[in-house]
Amino acid sequence: MSQKTKPCPTPVESVAVRFAGDSGDGMQLAGGQFTSATAILGNDFATFPDYPAEIRAPRGTTFGVSGFQVHFASHAIHTPGDSVDVLVTMNPAAFKMNTGDVRQGGMIIADEDEFTKVNLKKAGYGPDESPLADEVLGQRFRIVTVPISRMVREALAESGRSAKEIDRCRNMFALGLVCWMYDRPLEPTIDWLESYFGARKKLPDVAAMNVTALKAGWAFGETTEAIPQRYTVAPAELPAGVYRKISGNEAMVLGLAVAGEKIGKQVSYCGYPITPASDLLHGLAGLKRFGVQTFQAEDEIAAVAAAIGVSYAGGIGVTGTSGPGLALKGEAMGLAVMLELPLIVVDVQRAGPATGMPTKTEQTDLLQAFYGRSGEAPCIVLAASSPADCFEIAIEAVRLSTRAMCPAIVLSDAAIANGAEPWLVPDVSSISPIPCSHPEAQPDSDEQFEPYRRDPETGARRWAIPGTPGLEHRVGGLEKQDVTGDVSYDGPNHEHMIAHRAAKVARLADIIPPIEVGGDVAADTLVLGWGGTAGAILSAVNRLRDEGATLAIAHLRHLNPFPSNLGEVLGRYRRVIVPEINSGQLRLLLRGRFLVDVRGVNVIQGRGFHVEELVEGIRAEMAEEAS
Amino acid sequence: MSVTDHSLPTYKPKDFMSDQDVRWCPGCGDYAVLAAVRKALPNVGRRKEDFVFVSGIGCAARFPYYMETYGMHSIHGRAPAFATGIKLANPDLDVWIVSGDGDLLSIGGNHTMHVMRRNVGVRILLLNNRIYGLTKGQYSPTSERGKVTKSTPMGSIDEPVNPLALALAAECTFVARCIDIDAKTLTATMERAAAHEGCAFIEVYQDCNIFNHQAWFYASQKDTRPANTVDLVHGEPLIFGAERDKGVMIVNGRPRGVTLGAGGVTEKDLLVFDETDRTLAFTLANMHCPDLPEPLGVLYCNPDRPAYEQASREQVQAAMASAPGAELQDLVRGPDTWTVGG
Ligand SMILES: Cc1ncc(C[n+]2csc(CCOP(=O)(O)OP(=O)(O)O)c2C)c(N)n1
Ligand code: SF4
Ligand SMILES: [Mg+2]
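Just so you know, the sequences run in chain order A and B. What the first sequence shows, in our numbering, is residues 39 to 665, in sequence order. What the second sequence shows, in our numbering, is residues 43 to 384, in sequence order.
Extracted from the complex, chain B is given alone in its bound form (with noise of 0.2 Å):
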């Protein structure tokens, strides 16, 4: 964590708007989520030179151009890459991956499960709107099975991956699920991603107006959300519903949906959650609708692994320690030479 600057401007929303105009559809999640990232920065105590946004290619992708910090669009897939680079050279900066489903999980499945494995310290935010959004929509890994796109016409013949599950699974140190117009628990989780030390990932249920629309709002709506989602409060029962009458119970090993007072089930019954347990986790990160409700907020946090690019660091500085005279003249001259003439 960083220590408090007392010297930090105070930074506004505003403050991380680039000149650039936005260029998503009308409508499209995209835009709630770049408005949230904007409020959350200035609550993190860092300063703005410090923020790099990395992307690799998609809708969401073009993140960076839209926020006034340091930022580089990729290449597709690779932007966990160029991130882990990016903090091996400076530990110091505050990188942020902000990049589609597709671009995450499909061609850069393999960078986002070693830049987990790993704990670099990023954070990721991957707008999961369960389609190609740049390439005009076909689907995508998230896609559920049976999805119909110009690409599967007859519906699509792949099981989804389900991201919350790869991450546990990837020794992701911090794992979280919010929905893109979900501002106050975006925020929240955004700020502690940002204060996480290894690396943070956020997957965000986005709506890809355009290609997928509504695809989430059995979980995003009013009207929607309180039935088909809990919200993680570590240290509390699973509680959710309208009238928050409805619960989630472990049962023979399994979670199961319940209403209090229902056969006698009362609050002491309900799973407690517990985000150091990385076992709950993965069952939370397991429930779907409609059996179950699906989880938001932090999942797993798990702060006490060391970041990758400070053992890099660590690494040379105890080299360097440990041989204080090293010359470069002796490293070249190496061990075994003979003179000739002279």
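Extracted from the complex, chain A is given alone in its bound form (with noise of 0.2 Å):
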């Protein structure tokens, strides 16, 4: 190869990147490390990892293949991309499974050395079928083949390492290469490196053979005809401040520790493990030095009844988990209702139903989190907008669970929960207190405690906590008296208490945000989201603005209650169409609630939302409509 000098990046405005290779090809570090050295440069960016839900499934086969994508740009986006601009393939699997979300014209980089007919064979390729040679995807995509392996090999020659160790280091390389095609900065993977392996996991020569991968990688670019050409993204315009990249996960773990702090109590989070929930545990468990405590159950209903059982005795009780957890828990969330407690539960949703496909985002609990529990048992139901907003979400539900003496379901999903974006760091202090309070002791009264007295202005029972001379009482899942707490069989009572526990809850709309519209405010279409799917909704609707449809748009965070503005706001519009992935779940409860025609754009093919495929159906609901 000569060494030519060639020409300065070429501007572009956004692309998406995506890393594939086998599970244990380490895709997600590099994915992860390409988002931190774009996250530095400015630019807006979201991401989408996308793995098996198998841990080591047979190298080189297509369900053991993982993958990252990272879509980053010079203004503002919502959304992991549709399409890829630029795929890395690390094995004739990867490539097989992901060359179909390149764009036409979009370019693909495969390790050459892994595509060996052993190889083939394990993705499913024929004997006589040569991907890298195929003539129609040659004429579709760029496909540049770059002999990986062997490159990493030459590099760390003298390592003195087994091939296993060495090749361990191809992911190094290709986020090398891509990091020179886009002009990403080496240095903050580099830094990482040196911090992880070297100072952490005490392996510097580990450290070393990776960073020099990397840097053969950016080499490489330097020298190789195959790319001639380098791209640059510049800075997006977002509002100044100090940024950090956050996923839906570590968001949702910040908020519930600040929670904790601004109401000035212990928060104790009782999980047991499931995807995509785990990291909660995970990440709330490292923080026992901001005095959270964490309490791994032996199932589900141990998490939340553990949980339950702290909100009693007056901490902040949470469990989270995901959709098939938060059907074993229902029964005991239908006490936490009874007793009039505070309870969080995280319900990272996931593609159902049973075991579904565990990795895999949805928004299919939604009718759950409404009515998963015997009785009329209603909880508050938030769910989070983005990956940032679990932070403020969790903080919510804290708020408004200890104001109603109820639970709150927090519904993120697997999309949001692992997905990452910049996030303007907020500033704690500012972040106003959550009032609580508790009845004091009355260690001489001969009174009787009456537990299910209320707040008149909430509507909520008074929290007395085991340990206060004088309040002793008893709760139970058995229907209470109004006032006093005793045991009742009464009638009227029951209807008197349903109608109450609903009523607390739909008291709180007082105090929650009305919706906003945006878009063409004064439009006669409105389209109307809830969760996770904000980023993709806004940007079809921006598209389908930006072609000439007027449309007005709204989001929902909080689902129960509602905003109070809501059903004067869908009654505004001749239209009203909910893009959600499920079957048309808030469809079913805005249809019951406020006798509007809702129309829905539903897509559960266990990833997030297209923003073409929601341009193409909200266009055709409008189409529909108008004919």
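Keep in mind that the hints were calculated from the coordinates and are not lab data. Note that the structure is a prediction, hence the values are computed from the model and not measured. Each residue gets a CB set at the ideal place from its N, CA and C atoms; glycine is no exception. Don't take each hint at face value.
[As the list claims (entries may be wrong)] Counterexamples of contact, computed for chain A against chain B with all Cβ distances above 10 Å:
| id | residue |
| --- | --- |
| 1 | A114 |
| 2 | T250 |
| 3 | Q331 |
| 4 | D524 |
| 5 | A537 |
[Unchecked claim] Here are the simulated SDA-like pairs of lysine to any residue, each with C-alpha atoms no more than 25 Å apart in a straight line:
| id | chain 1 | residue 1 | chain 2 | residue 2 |
| --- | --- | --- | --- | --- |
| 6 | A | K326 | B | Q263 |
| 7 | B | K54 | A | L516 |
| 8 | B | K192 | B | C67 |
| 9 | B | K54 | A | I503 |
| 10 | B | K178 | A | L516 |
[Claimed, not checked] Sample of chain B residues with no beta-carbon within 10 Å of chain A, all distances over it, derived:
| id | residue |
| --- | --- |
| 11 | W66 |
| 12 | P68 |
| 13 | D92 |
| 14 | A123 |
| 15 | I252 |
| 16 | R347 |
| 17 | Q352 |
| 18 | G376 |
Take the two lone chains and join them into the complex the hints point to.
This is the structure:
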């Protein structure tokens, strides 16, 4: 290869890069580091890690393929991108599973050394197939073959390490090459390698090997003729301030810790491992220095029961899970509704039913959150709209749950839980405290304490905690006489209590923000979303409006209760379209509640919405009704 | 153990009586247990407001309503998990779990096992009537094989679980057995349980007057108890019988009932009880009538293992002590940031 100087990087507005390989190839790491390098350059970004449920599926098979997509831009973006501009594939299986997502004319970089007969066969290619030389593919994409494995082995020939250990650095070569292509600095990755492998794991040679491979990837870019062009993406215009990268699960962990401080109580997180919620348990387990307590229970039911025990004793009891775990917690949550205790239940939704597709996203637990308990047991229901929003929604959940003395279910989903975006770091001191009080001791009182006497404003009962002299009382799942809390089988009292438990939650609408309508407020069509699809819906609506459509847009984070003005807002529009990653659960609720003929755009394929399919879906709904 | 508190009020059993009418059937063994608990609590050196009674569902599980303490009547089988949460949030509370054999060994078997192996500092009273009382008489996991009930008209085909052996296998650090109407042993055992740091488990032979009456009569009555049970006293040989002329001896590694004097057997040949010997406790837990007397009192006590909630609290305290200036703002900011504009 001759040493040629290449032209200056060409500016482009937005790029989606995907790293794809075997689950053992370190693609999540490469993608994460590429994101950090991108963040430092001030781009807006959104990421989409896509990994298999199998921990170590047989190497080279299609079901062991792991991918990490990074979308970055010089303007605001809200999704990880519908299609990929540059795909890096570390083996034939990754090539096979991912080419379908590359845009026409996009680039595919393939580690040619891995396209051996054996590997092609493992990926399910026939004996005569050679995808890298396929003419049809070659016309659609720019396929660049790079001898990644060989180059890494050459670069690390002197390391004295085994071929297996050397091959583990292939991801860094690929990362170095893509960093070169998009003019991203290597320093953040080098710093990370040195602190992780060097300082933490005490493996400085491993750190050095990875750094060598990373630099070799960059150097390869500078010398190869196969990639003549470099690109750059200018910083996005984001509000001024200090930023960090944050995923939904990280934000939820921080939000819960901050909520504990804001209410002046210990947060006790009681969980049972389940994808994609386990990182909440892991994250909070690492925050003991902030007074956070964690408890890995024997099962989902024990986890929620322990959290309720914590709340009963005066702490902030939190449990987290995914859909199957929420189903198991239902009975105990019903008890918490009856006991009128605060409780936070985070549900990081995944594709169901049953085990479904555990690593894939879905918005299919909304009705379970509303109704998944015996009897009429209303809970507060909130849904985070983006990775960063998980922070605020966690604090909101603690605020509302302790105010109404009622469990709050927080819906997140696999896409926002694992996806990351830039986050303007909030000033913790500016977050308002969460008011909370307990009835005072009455050591000398002969009067029986009345545990279900209520605050006239909120309708909540008083949170009397064990250890307080004079307030001894019993709570339980049997229906209560209002005020006294005595067991009661009285029919009218039961009806009153059912109504009151619902009214307490409904009353929260007085203090939650009204729903805001954006876009063309005066349009006759409103696109209304909820939860983690906010970014995709906004992108789709913006695109349609750029094309000339008039559309209003709004998004729900509070689902029970709905914002107080929601009925009025829905009534203003001739057409209301609700895109959801389910078969129409919010649609059903809105129709039932507001008698509005809500239309849906529904895609349930285990991934977030593609902007393009939303654009088409909304367009089709508009056309249908117009005709 | 709690430090002696001189300002502690002097309680009487009636101070622990709530204003609720007790709704068990007349003659139910639960009454006797309730009376014994009310009698024991004034002696355990704790303030009334620090007691929390937690139960699951069943006749036995109505217990908390009748105690003038804090209490939670929870859901079927999960009392140990609720109690664990209460202890985690406030290790200083004195938490008692009272529930039935169906509740704690069937639907809640999992939680019972885990609260024991974690050694959460709770006291568990398992009111074992060998039947589902509240649901009107189905066989339970402690019913003997062949039990004829509404759900097993041809007799049950399940082997019963042995609650004491289960507790020992689950690493419970205090394992005992009492009889509902034996107030003396019951009160004394509960007082000991209350002084135990870790998880204390007491199986109580409880008579369900309606659906399984007399199930324990072979062991609970004046004329049956001496011959069919043996009271365990730490450091003493196992002697039983109305005339105290019978004993338990280990022969070829197995317990065998013997008569003192017969064949030259003397007290010195008898098995001497050691409550710190877990292997011995297993042997005792597996002594069944009619072959051998059934042990009563404390079978096993290991006061040395730390309680779970204390260990949890200590981890948090240690982490906080090792990071004195830890600021949430720094955590929220994280190690990798970049600045836009400004
Ligand atoms: C989820 C659930 N399943 C079933 C029941 C019905 N149920 C109530 S109590 C009980 C059995 C109680 O037996 P036990 O624990 O031995 O208590 P006892 O009534 O004998 O004191 C059952 C099956 C229930 N309350 N909840
Ligand atoms: S059914 Fe049996 S256990 Fe239940 S209260 Fe009546 S006698 Fe007691
Ligand atoms: Mg029973």
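Here is how each hint holds up against the structure:
no.	hint	result
1	A114	holds, 12 Å
2	T250	holds, 23 Å
3	Q331	violated, 6 Å
4	D524	violated, 7 Å
5	A537	holds, 23 Å
6	A:K326 with B:Q263	violated, 54 Å
7	B:K54 with A:L516	violated, 29 Å
8	B:K192 with B:C67	holds, 20 Å
9	B:K54 with A:I503	holds, 23 Å
10	B:K178 with A:L516	holds, 18 Å
11	W66	holds, 14 Å
12	P68	holds, 20 Å
13	D92	violated, 6 Å
14	A123	violated, 4 Å
15	I252	holds, 21 Å
16	R347	holds, 18 Å
17	Q352	holds, 12 Å
18	G376	violated, 5 Å
In the structure shown, a violation is registered for the earlier hints numbered 3, 4, 6, 7, 13, 14 and 18, in ascending order.
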